[in-house]
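**Q** One-letter residues, chain by chain:
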Amino acid sequence: MKNRKVNNNSKNIFVFALLIAFALFFIIPFLWILSTSLKGDEQIFTIPPQWIPETLHWDNYAKVFERIPFLLYIKNSVIITVTVIIGTVLSSSIVAYAFACLDWPGKNVLFVIVLASMMLPAQVIMIPVFVIFKELGWLNSFKPLTIPAFFGGGAFNIFLLRQFFLSIPKSLIDSARIDGCSEFRIYWNIVLPNAKPALATVAILTFMFSWNDFLGPLIYLSDQAKGTIALGLGMFVGQYVTEWSLLMAASMLMMLPVLIIFFVFQKYFIQGFVMSGLKD
Amino acid sequence: MMPWFIGFLIFGLYPMIMSAYYSLCRYDVLRIPQFIGFGNYQKLFFEDPYFWTSIYNTLVYTILRVPLCIAGSLLLAVLVNNAVKGVKFFRTVYFIPSIVTGVVLSVVWLWMFNPQFGLINSFLAYFGIPGPLWLLDPNWSKPSMVLMSVWSIGGGRMLVFLAALQGVPKHLYEAVEIDGGGWWTKFKNVTIPMLSPVIFLWTVLEIIFSLQVFVEAYIMTQGGPLNSTMFYNLYLYNKAFNDFEMGYASALAWILLVITLLITLIQFRLSKSWVYYESSK
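Protein chains in written order, with our numbering: chain S, 1154 to 1433; chain P, 4 to 284.
Simulated from the structure, these hints should not be mistaken for laboratory data. Mixed in with the good hints, there may be bad ones.
SDA-like cross-link-like pairs, simulated, lysine to any residue; straight-line CA separation at most 20 Å [as the list claims (entries may be wrong)]:
{"id": "1", "chain 1": "S", "residue 1": "Lys1164", "chain 2": "P", "residue 2": "Val90"}
{"id": "2", "chain 1": "P", "residue 1": "Lys88", "chain 2": "S", "residue 2": "Asn1162"}
{"id": "3", "chain 1": "S", "residue 1": "Lys1420", "chain 2": "P", "residue 2": "Arg94"}
{"id": "4", "chain 1": "P", "residue 1": "Lys91", "chain 2": "S", "residue 2": "Gln1424"}
{"id": "5", "chain 1": "P", "residue 1": "Lys88", "chain 2": "S", "residue 2": "Leu1177"}
{"id": "6", "chain 1": "P", "residue 1": "Lys91", "chain 2": "S", "residue 2": "Gln1419"}
{"id": "7", "chain 1": "S", "residue 1": "Lys1164", "chain 2": "P", "residue 2": "Phe190"}
{"id": "8", "chain 1": "S", "residue 1": "Lys1164", "chain 2": "P", "residue 2": "Ile9"}
{"id": "9", "chain 1": "S", "residue 1": "Lys1164", "chain 2": "P", "residue 2": "Tyr176"}
{"id": "10", "chain 1": "S", "residue 1": "Lys1287", "chain 2": "P", "residue 2": "Leu33"}
{"id": "11", "chain 1": "S", "residue 1": "Lys1349", "chain 2": "S", "residue 2": "Lys1379"}
{"id": "12", "chain 1": "S", "residue 1": "Lys1296", "chain 2": "P", "residue 2": "Phe14"}
{"id": "13", "chain 1": "S", "residue 1": "Lys1420", "chain 2": "P", "residue 2": "Thr95"}
{"id": "14", "chain 1": "S", "residue 1": "Lys1287", "chain 2": "P", "residue 2": "Phe14"}
{"id": "15", "chain 1": "S", "residue 1": "Lys1296", "chain 2": "P", "residue 2": "Gly15"}
{"id": "16", "chain 1": "P", "residue 1": "Lys88", "chain 2": "S", "residue 2": "Ile1173"}
{"id": "17", "chain 1": "S", "residue 1": "Lys1260", "chain 2": "P", "residue 2": "Leu12"}
{"id": "18", "chain 1": "S", "residue 1": "Lys1260", "chain 2": "P", "residue 2": "Gly15"}
{"id": "19", "chain 1": "P", "residue 1": "Lys91", "chain 2": "S", "residue 2": "Ile1166"}
{"id": "20", "chain 1": "S", "residue 1": "Lys1260", "chain 2": "S", "residue 2": "Tyr1373"}
{"id": "21", "chain 1": "S", "residue 1": "Lys1420", "chain 2": "P", "residue 2": "Phe92"}
{"id": "22", "chain 1": "P", "residue 1": "Lys88", "chain 2": "S", "residue 2": "Leu1171"}
{"id": "23", "chain 1": "S", "residue 1": "Lys1287", "chain 2": "P", "residue 2": "Gly15"}
{"id": "24", "chain 1": "S", "residue 1": "Lys1287", "chain 2": "P", "residue 2": "Gly184"}
{"id": "25", "chain 1": "S", "residue 1": "Lys1164", "chain 2": "P", "residue 2": "Glu180"}
{"id": "26", "chain 1": "S", "residue 1": "Lys1164", "chain 2": "P", "residue 2": "Asn85"}
{"id": "27", "chain 1": "S", "residue 1": "Lys1379", "chain 2": "S", "residue 2": "Thr1299"}
{"id": "28", "chain 1": "S", "residue 1": "Lys1296", "chain 2": "P", "residue 2": "Leu12"}
{"id": "29", "chain 1": "P", "residue 1": "Lys91", "chain 2": "S", "residue 2": "Ile1180"}
{"id": "30", "chain 1": "P", "residue 1": "Lys189", "chain 2": "S", "residue 2": "Ile1180"}
{"id": "31", "chain 1": "P", "residue 1": "Lys189", "chain 2": "P", "residue 2": "Gln169"}
{"id": "32", "chain 1": "S", "residue 1": "Lys1164", "chain 2": "P", "residue 2": "Val81"}
{"id": "33", "chain 1": "S", "residue 1": "Lys1164", "chain 2": "P", "residue 2": "Gly15"}
{"id": "34", "chain 1": "S", "residue 1": "Lys1287", "chain 2": "S", "residue 2": "Tyr1373"}
{"id": "35", "chain 1": "S", "residue 1": "Lys1164", "chain 2": "P", "residue 2": "Phe14"}
{"id": "36", "chain 1": "S", "residue 1": "Lys1349", "chain 2": "S", "residue 2": "Thr1236"}
{"id": "37", "chain 1": "S", "residue 1": "Lys1164", "chain 2": "P", "residue 2": "Leu12"}
{"id": "38", "chain 1": "S", "residue 1": "Lys1164", "chain 2": "P", "residue 2": "Lys91"}
{"id": "39", "chain 1": "S", "residue 1": "Lys1164", "chain 2": "P", "residue 2": "Gly184"}
Whole structure, please, built from the sequences with the hints as guidance.
**A** Given below as structure tokens:
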């Protein structure tokens, strides 16, 4: 019995050591980014590296805004991201409602098609969609990035919301129907308020996608004044590849809203990630 | 419902059909598509060495990345499944890199991999080990990107496996203990079989994701050095939006679709021999 306890203790110490080692592996790069973002030029190129710079160059953050139109990029990104979130949440929840709470012919076949479309590489439709937007004269505007969100809002989101809507008690919906509620009122006043966790998850997934999207802006926004923060950072690397302190400061600024949303909505954030794989 | 249906036609079905058609055309966006049959495909397979380079690079990247991601995050999940004090804190810490994606991830790791002043080589130098040139060395560029990717999603995938681990009945482990089996026996004979459906699903998804790698290469290396990170989607992008060979790029997209479907299909076939579904027993 005593032996087992000793064994357990040494096992716990071993586990703890491993836990700390991996924590360092995952966290140190963040400290490194923060540290670099506060360094002056002469402190960056030192061997071995300084972790805490002697003078903290907070002005690096101000310089980012002088060097590139960063404020404008933030504004553009916010406009696009907010529009896409509204469009996605609205349209994917309407479609999910139709799949979960209504009966109509061809429903099941169409649902299978929705699921199958998740597997398709986006590249297959990328070029014809580009051609459509070009014909519409939408190139170099936010429309190609925002308008599609209002038409369906993505197969995965539809799937996620449908599963959640199915778990809402049928009696709630049925009794509203008997009382003469319109389908829209049922959707708006009964289903949506009961699905807040799922809607939050969809909103966060959409935020992450839209805020970080690089390929979309790269293809559609050639005018510098239309650029997003992701595009701006991407171009910044190309132009100022040795100004690491400014690049890290800009990276910190782009990461900050994501970090805040992560800490505030941790539960939904993690839920969304576990279900979708989020990145890639 | 109607707007969605219209949206599905405009942004889904119609582009699929047009993409197949463009792949049989010479098309530079400015003039109307000119039908050339299977000319693009013929050129791809027999006259374009970069096509094969990009396939080779993408496959190597996938083969390196997928097993490492799956095995690494599975082992991490086993680690944080231990009932140790503060383990919840560690789970959160491991997850945080998962929120760093795309451009930021690439920019940050470009600096991490800097051969002279980057964090990794500084760390190695501390132990007297001369680090490689990482992204600047054609032999190291792909492993570098794999390492970065493992850092950025290991913790996220860990949570997926952790959720599955917590559903494994305790008595199965106790049975192994009674037989005198240790940690490894438990892992091999209980954890792996019980988690095999989840492992299978994420292997399928992870391969699909790996075949799509783009932003990292675009930002960090532009396909270099010596085309060692010229991945399939980067090549496709260059063909479509630098050279405006839209027909050629559409053919590339369809080949990617076929490759993805084939690999997925093969995996479903193979899965019958190793994936264990409790209900079908």
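**Q** So, for every hint listed, does it hold in this structure?
**A** Hint check results:
Simply put, S:Lys1164 and P:Val90 have alpha-carbon atoms about 14 Å apart, close enough for the 20 Å limit, and the pair holds. Taking the CA atoms of P:Lys88 and S:Asn1162, the gap is about 12 Å. The hint holds against a cut of 20 Å. Note on S:Lys1420 and P:Arg94: the hinted pairing holds, with a Cα-Cα distance of about 13 Å set against a maximum of 20 Å. Of the pairs offered as hints, the one joining P:Lys91 and S:Gln1424 holds, with about 15 Å between alpha carbons and a cut-off of 20 Å not exceeded.
About 18 Å separates the Cα atoms of P:Lys88 and S:Leu1177, which keeps this hinted pair within 20 Å; it holds. About 13 Å separates the Cα atoms of P:Lys91 and S:Gln1419, which keeps this hinted pair within 20 Å; it holds. Taking the CA atoms of S:Lys1164 and P:Phe190, the gap is about 16 Å. The hint holds against a cut of 20 Å. A threshold of 20 Å between alpha carbons decides the hint, and for S:Lys1164 with P:Ile9 the separation of about 60 Å lies outside it, so the pair is violated.
A threshold of 20 Å between alpha carbons decides the hint, and for S:Lys1164 with P:Tyr176 the separation of about 17 Å falls inside it, so the pair holds. Between S:Lys1287 and P:Leu33 the CA atoms are separated by roughly 10 Å; this keeps the pair inside 20 Å, and the hint holds. Restraint check for S:Lys1349 and S:Lys1379: not satisfied, since their Cα atoms lie roughly 33 Å apart, outside the 20 Å limit. For the given pair, S:Lys1296 sits about 14 Å from P:Phe14 by alpha-carbon distance, which is consistent with the 20 Å threshold.
Taking the CA atoms of S:Lys1420 and P:Thr95, the gap is near 11 Å; set against the 20 Å cutoff, the hint holds. Proximity of S:Lys1287 to P:Phe14 is assessed by CA-CA distance (about 14 Å); at most 20 Å being required, the pair is judged to hold. Of the pairs offered as hints, the one joining S:Lys1296 and P:Gly15 holds, with about 17 Å between alpha carbons and a cut-off of 20 Å not exceeded. Note on P:Lys88 and S:Ile1173: the hinted pairing holds, with a Cα-Cα distance of about 12 Å set against a maximum of 20 Å.
Between S:Lys1260 and P:Leu12 the alpha-carbon distance is near 16 Å, which keeps this suggested pair within the 20 Å criterion. A C-alpha spacing of about 18 Å is found between S:Lys1260 and P:Gly15, which places the hinted pair at or below 20 Å, so the restraint holds. Distance restraint check for P:Lys91 and S:Ile1166: the Cα-Cα separation of roughly 17 Å lies within the 20 Å cut-off, and the hinted pair is therefore satisfied. At most 20 Å may separate the alpha-carbon atoms for a hinted pair to count; S:Lys1260 and S:Tyr1373 exceed this at roughly 34 Å.
Our distance criterion of 20 Å between C-alpha atoms is met by S:Lys1420 and P:Phe92, whose separation comes to about 14 Å. Note on P:Lys88 and S:Leu1171: the hinted pairing holds, with a Cα-Cα distance of about 13 Å set against a maximum of 20 Å. Taken as a hint, the S:Lys1287 and P:Gly15 pair is honoured in the structure, with Cα atoms around 17 Å apart against an allowance of 20 Å. Distance hint between S:Lys1287 and P:Gly184 is unfulfilled; the C-alpha atoms sit about 65 Å from each other, more than 20 Å.
About 16 Å separates the Cα atoms of S:Lys1164 and P:Glu180, which keeps this hinted pair within 20 Å; it holds. Only pairs whose Cα atoms come within 20 Å are accepted, and S:Lys1164 paired with P:Asn85 is accepted, the gap being roughly 10 Å. Of the supplied pair hints, the one linking S:Lys1379 and S:Thr1299 holds, its CA atoms being roughly 13 Å apart against a limit of 20 Å. The suggested pairing of S:Lys1296 with P:Leu12 holds, with an alpha-carbon distance near 18 Å, which does not exceed 20 Å.
A distance of roughly 16 Å separates the Cα atoms of P:Lys91 and S:Ile1180; the hinted pair therefore holds under the 20 Å criterion. For the hint pairing P:Lys189 with S:Ile1180, the CA-to-CA distance comes to about 30 Å; that exceeds 20 Å, so the pair is violated. Simply put, P:Lys189 and P:Gln169 have alpha-carbon atoms about 14 Å apart, close enough for the 20 Å limit, and the pair holds. Of the supplied pair hints, the one linking S:Lys1164 and P:Val81 holds, its CA atoms being roughly 14 Å apart against a limit of 20 Å.
A threshold of 20 Å between alpha carbons decides the hint, and for S:Lys1164 with P:Gly15 the separation of about 54 Å lies outside it, so the pair is violated. With a C-alpha separation of about 9 Å, the suggested pairing of S:Lys1287 with S:Tyr1373 holds against the 20 Å cut-off. Of the supplied pair hints, the one linking S:Lys1164 and P:Phe14 is violated, its CA atoms being roughly 55 Å apart against a limit of 20 Å. Proximity of S:Lys1349 to S:Thr1236 is assessed by CA-CA distance (about 19 Å); at most 20 Å being required, the pair is judged to hold.
For the hint linking S:Lys1164 to P:Leu12, the alpha-carbon distance of about 59 Å lies beyond 20 Å, and the restraint is violated. Between the alpha carbons of S:Lys1164 and P:Lys91 the distance comes to roughly 18 Å, so the proposed pair stays at or under 20 Å and holds. Restraint check for S:Lys1164 and P:Gly184: the C-alpha separation of about 16 Å stays at or below 20 Å, so the hint holds.
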